[in-house]
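Let's have the full structure, built from the sequences with the hints guiding it.
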Amino acid sequence: DAGVIQSPRHEVTEMGQEVTLRCKPISGHDYLFWYRQTMMRGLELLIYFNNNVPIDDSGMPEDRFSAKMPNASFSTLKIQPSEPRDSAVYFCASSLRQGKASYEQYFGPGTRLTVT
Amino acid sequence: DQQVKQNSPSLSVQEGRISILNCDYTNSMFDYFLWYKKYPAEGPTFLISISSIKDKNEDGRFTVFLNKSAKHLSLHIVPSQPGDSAVYFCAASEGTGNQFYFGTGTSLTVIP
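Line order of the protein sequences matches chains A and B.
Each residue of the first sequence is one higher than the one before, counting from 42 in my numbering.
Each residue of the second sequence is one higher than the one before, counting from 415 in my numbering.
It should be emphasised that the hints constitute simulated quantities derived from the structure, not laboratory data.
Note that the Cβ used here is the ideal one computed from N, Cα and C, for glycine as well.
Honestly, I wouldn't trust all of these hints.
[Said to hold, decoys possible] Simulated restraints on C-beta separations:
1. R475/B to D97/A: 31 to 37 Å
2. N421/B to R153/A: 22 to 28 Å
3. N421/B to S114/A: 36 to 42 Å
Below, the structure written as structure tokens:
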């Protein structure tokens, strides 16, 4: 399997612009997670989906952030409008939940976002 | 507020010696813990886990210890190798939930 695929790997944009990050989870996985990594807070969970349905979006920092999962093989995280403080590395992860033995999450390579 | 804390941002160890990475948590309901390893420009990869019913789990050179009364876990790497140089994150979850709380990471450098 190719693993979790994220695009783009790097994104540089100007403040106020819309940014869309994309994720393709591992085929067959039923959970998808979006994280943001910063030096101060480490890996923060933004939102996660189960079978394409958003379960918990309490980590989404503001209304400027939105996430969708239109089907089992694709998800987007959108920031509109973007601000410099959104600069971070955004990770997508997926997992297959079959009891406690499968808590492992598989991470994509991340998207490094820079907002100037 | 950070529910999982890694208070050492960095650690340097000589090759062949033991590396000990520490992690503290505040939520006594956490009952499942994982360690992830992250190389630059890559996503974190799963390393080892432990359930709260155990106090130790071993996998090759990696051992995780859990002290529930102290709300503390540690990752021991013996012997340390240069390829172990990476950022290590600990994570915790509660009950049957799927949400993990991650620490801020510890950057380990193993000096040849």
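Against the structure, the hints:
1. R475/B to D97/A: 31 to 37 Å: holds, 35 Å
2. N421/B to R153/A: 22 to 28 Å: holds, 26 Å
3. N421/B to S114/A: 36 to 42 Å: At 40 Å between Cβs, range holds.
When each numbered hint is compared with the structure, no violation occurs for any of them.
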